[in-house]
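Chemist: The chain contents come next:
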Amino acid sequence: MSENTGRLVRIALAGNPNAGKTSLFNALTGAHHKVGNYPGVTVEKREGSRARGDKEYRFLDLPGIYSLTAYSLDEVVTRDCLLDEPPDLILDVLDSTNLERHLFLCLQFQELGIPVVGALNMSDEAKAKGIEVDGTALGKLLGIPMARTVATNGQGLDALLDLVDASVSGNAVDGRSLDYGSEIEALLGPIEKAIAEDADFASRHPPRWLAVKLVEKDEDAFARLEAHREAGKVAVLAKKASDWIGRHFGKDSEIVISEQRYAYIHGACLEAVKRKEKGAPSLSERIDRVVMHPVFALPFFIFVLWGIFQLTFSIGAWPMAWLEAFFGWLSAQVAAIVPMGPLHSLLIDGVIAGVGSVLSFVPLIIILFFLLSVLEDTGYLSRAAFATDRILHGFGLHGQSIFPLMLGFGCSVPAIMSARTLKSPRDRILTVLAIPFMSCGAKLPVHVLFAAAFFPKNPAAAVLAVYGTGVVLALVSSLVLRNTILRGEPTPFVMELPPWRAPTLRGLLWHVGEKTATYARKAGTVILAASILIWAVTNFPAYSPTATERQSAAATWSKAHPGADQAALDRGVAAALAGKALSASAAGSFGHLIEPLIRPLGFDWRVGIATVTGFAAKEVVVSTFGILYGVGTDDGGSTSLRAKLAADPSWSPLAAISLMLFVLLIPPCFAALATLRAELGWSWLGFSIAFQLAIGWLVAFAVFQVGTRLGFS
Amino acid sequence: MHISELPVGAEFVVGRVLSGREVGKRLVDMGFTEGADGKVLRKAFLSGPLHVEIRGYEVILRRSEAAMIEVRERSKDAVPHV
Numbered sequence: 016m017s018e019n020t021g022r023l024v025r026i027a028l029a030g031n032p033n034a035g036k037t038s039l040f041n042a043l044t045g046a047h048h049k050v051g052n053y054p055g056v057t058v059e060k061r062e063g064s065r066a067r068g069d070k071e072y073r074f075l076d077l078p079g080i081y082s083l084t085a086y087s088l089d090e091v092v093t094r095d096c097l098l099d100e101p102p103d104l105i106l107d108v109l110d111s112t113n114l115e116r117h118l119f120l121c122l123q124f125q126e127l128g129i130p131v132v133g134a135l136n137m138s139d140e141a142k143a144k145g146i147e148v149d150g151t152a153l154g155k156l157l158g159i160p161m162a163r164t165v166a167t168n169g170q171g172l173d174a175l176l177d178l179v180d181a182s183v184s185g186n187a188v189d190g191r192s193l194d195y196g197s198e199i200e201a202l203l204g205p206i207e208k209a210i211a212e213d214a215d216f217a218s219r220h221p222p223r224w225l226a227v228k229l230v231e232k233d234e235d236a237f238a239r240l241e242a243h244r245e246a247g248k249v250a251v252l253a254k255k256a257s258d259w260i261g262r263h264f265g266k267d268s269e270i271v272i273s274e275q276r277y278a279y280i281h282g283a284c285l286e287a288v289k290r291k292e293k294g295a296p297s298l299s300e301r302i303d304r305v306v307m308h309p310v311f312a313l314p315f316f317i318f319v320l321w322g323i324f325q326l327t328f329s330i331g332a333w334p335m336a337w338l339e340a341f342f343g344w345l346s347a348q349v350a351a352i353v354p355m356g357p358l359h360s361l362l363i364d365g366v367i368a369g370v371g372s373v374l375s376f377v378p379l380i381i382i383l384f385f386l387l388s389v390l391e392d393t394g395y396l397s398r399a400a401f402a403t404d405r406i407l408h409g410f411g412l413h414g415q416s417i418f419p420l421m422l423g424f425g426c427s428v429p430a431i432m433s434a435r436t437l438k439s440p441r442d443r444i445l446t447v448l449a450i451p452f453m454s455c456g457a458k459l460p461v462h463v464l465f466a467a468a469f470f471p472k473n474p475a476a477a478v479l480a481v482y483g484t485g486v487v488l489a490l491v492s493s494l495v496l497r498n499t500i501l502r503g504e505p506t507p508f509v510m511e512l513p514p515w516r517a518p519t520l521r522g523l524l525w526h527v528g529e530k531t532a533t534y535a536r537k538a539g540t541v542i543l544a545a546s547i548l549i550w551a552v553t554n555f556p557a558y559s560p561t562a563t564e565r566q567s568a569a570a571t572w573s574k575a576h577p578g579a580d581q582a583a584l585d586r587g588v589a590a591a592l593a594g595k596a597l598s599a600s601a602a603g604s605f606g607h608l609i610e611p612l613i614r615p616l617g618f619d620w621r622v623g624i625a626t627v628t629g630f631a632a633k634e635v636v637v638s639t640f641g642i643l644y645g646v647g648t649d650d651g652g653s654t655s656l657r658a659k660l661a662a663d664p665s666w667s668p669l670a671a672i673s674l675m676l677f678v679l680l681i682p683p684c685f686a687a688l689a690t691l692r693a694e695l696g697w698s699w700l701g702f703s704i705a706f707q708l709a710i711g712w713l714v715a716f717a718v719f720q721v722g723t724r725l726g727f728s
Numbered sequence: 057m058h059i060s061e062l063p064v065g066a067e068f069v070v071g072r073v074l075s076g077r078e079v080g081k082r083l084v085d086m087g088f089t090e091g092a093d094g095k096v097l098r099k100a101f102l103s104g105p106l107h108v109e110i111r112g113y114e115v116i117l118r119r120s121e122a123a124m125i126e127v128r129e130r131s132k133d134a135v136p137h138v
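Protein chains in written order, with the numbering used here: chain A, 16 to 728; chain B, 57 to 138.
What the hints contain is simulated information worked out from the structure, not anything from laboratory work.
Possibly wrong hints are sitting among the right ones.
So the derived label-pair ranges between C-beta atoms look like this [said to hold, decoys possible]:
1) Ile302(A) / Pro63(B): 15 to 25 Å
2) Gly65(B) / Ile406(A): 19 to 29 Å
3) Ala278(A) / Pro63(B): 27 to 37 Å
4) Gly65(B) / Leu23(A): 33 to 43 Å
5) Pro63(B) / Gly128(A): 43 to 53 Å
6) Leu479(A) / Pro63(B): 37 to 47 Å
7) Leu285(A) / Gly65(B): 20 to 30 Å
8) Gln325(A) / Gly65(B): 50 to 60 Å
Glycine included, every Cβ here is placed at the ideal spot set by N, Cα and C.
With the sequences and hints as input, model every part of the structure.
Modeler: Now the structure itself:
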């Protein structure tokens, strides 16, 4: 991997979160970048390039991290990347307003033996805050060339790339590196030497870096050491050194090492950074006095959330209607071209209806992601974690779980994806598993239909009760999982609180574009396949009514609608026969097959069918009932279906509540399940499906049976 | 003494961080090292998280994590360390 044509420079872009790394990456690479995942993990991997003069720079954007320990996935990914495929240079993005902590990571990069260049980013903000950084002096003190940049407007990029050129050709590094003090250096020396004795190993593992990590008792470093010819000898030396440091300093060696780093940095900053005394409280602090009020932070958060959903659904209704109209037009066009028959039905009822219904959610997702990106880029997300951690922590969740969970009320797909912001795998799994309990937007039409049919006096209260049950079950199940299969020490909640920043439109659009593309790609593949599958099981085996069946359907319909004309009669008969066709299909057989299982919940075979079709998208449950009750798909949610349900003696208000809970709790739609698999893998997908099925069945069973005993039916 | 025992607005100096396991190491890496200066900015209701300034930037942390850090209050007229 280290082949170098002399013109190609491979650069790893690294740094702390909130340093403007993504902005710098975008400023450096323009539109030339691609986004993927690191193999096997859901950490995003971005690559891009830039040409300048006779050189081509290839940038790899590493995840934002605080240190190079092995405690978080992002840190492990960064470390593996730098050790296993060393770049020509590490470009470290530093926040000039918060240099000490940012340099803490920078100096760990330096120990890897790869040239490092520092971008003193946000230099405009630092200036405004009265912080004056002498980049040249700091660079000399640390042995890391530094240039001032403002990534948001591209300022300083050329000077930065000049430093990169000089460093790569070996003209800038003067070999200075962090000094841990004579006592620790005396211990590190022999370890470094012992590592270097295996030259082949040392060429892949920088001795200085590894020696420090071993003294820090880093488990991953010890695992890497296994490949050394004399691993045992080095390990003994390192353990002796850690023990000595522990005794001598009276604290753990890994803490001593970090403190020495900070002491070294503090010394350098005293010389190269000038800070004017702070005057009045900053604007950021004044905003926080309201938003992070010890008591009102939580109500404020609820208000923000309410605002987001109001905006999303009210603005989203317009483009959603346009898209629905477009797909209606499209299916009319296709219907005119393709003759009646299986292909006609596949294209219109399968492909267009399936993909169309999923794509019509794209505008909602774009708006939701846009608003969430605003919250993220301004810095509100961390404040929301502050407001909600107390409650969520009580149930084994994390303050940062709040946004994925709340997004779950909109759509599980982006919600599951957004759980990536949780750095601990255990917290992420727990959060993702709780998301299906949040009643998503597609389940709302089902709730509304049944609430209106069986609770005409107060449908809103019935819907709200269902939502509330979902939230309570999400919290309780998290608590249970946290104390059983996901047991473990609570993840530390130590979060940086970035100052409030005005988001840039470019940054926002970039976030939104990236996330929306992922969703749309899924709709194009998994959901297309799922739509076809569901179309097949609801249309085959094909049903062709006999003349007598047709006549009897016509007679029944005429009796119920005296005086109707021929066209109305045809429609009525077609609707009645569509219900029969669905009942005779594979999905219908499945419904009949599982009827004994769902009987105790108050349902018949129709719910069995709706369970299958609901896999495509939950709102399809409504149109399935429309077909089964012979009102046609066109006006599935209309009053006629409501009236028919209310008049059907096999339903009762109790069975309706049971159904709403059942639809809420059983596994979510295909799109959500596909996302869950992509994020957590097959085994967690299997677990989630089994878990939701069990809870859905048990809750519906308990509600219906207890309710019946109490005489509510 | 721990951060949660200090009143809002109090300035403190970090003493030592107990244990270098995951939480302790994370705290030290975030800048809670012996001698570092900090300030209590706010404390959430019902034993919720703390909002603290450390080394010139801001962090939020739970009281259970803050209990890993020994601090002493700095009197207002003392000479600042940073």
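Chemist: Compare the structure with each hint and give your call.
Modeler: Consistency of the hints with the structure:
1. Checked against the hint of 15 to 25 Å, the C-beta distance between Ile302(A) and Pro63(B) comes to roughly 22 Å, which is consistent with it.
2. For Gly65(B) and Ile406(A), the hinted distance range of 19 to 29 Å is satisfied, since their beta carbons lie about 26 Å from each other.
3. For Ala278(A) paired with Pro63(B), a C-beta distance near 29 Å keeps the hint of 27 to 37 Å intact.
4. Against the hinted window of 33 to 43 Å, the Cβ-Cβ separation of Gly65(B) and Leu23(A) comes to about 55 Å, which falls outside the hint.
5. Restraint check, Pro63(B) to Gly128(A): a C-beta distance of roughly 48 Å satisfies the suggested window 43 to 53 Å.
6. Roughly 41 Å separates the CB atoms of Leu479(A) and Pro63(B), a value that falls within the hinted 37 to 47 Å.
7. One distance hint, 20 to 30 Å for the beta-carbon pair Leu285(A) and Gly65(B), holds here, with the actual separation near 26 Å.
8. Here the CB-CB span from Gln325(A) to Gly65(B) is close to 37 Å, at odds with the stated 50 to 60 Å.
Violated hints for the displayed structure, listed by number in ascending order: 4 and 8.
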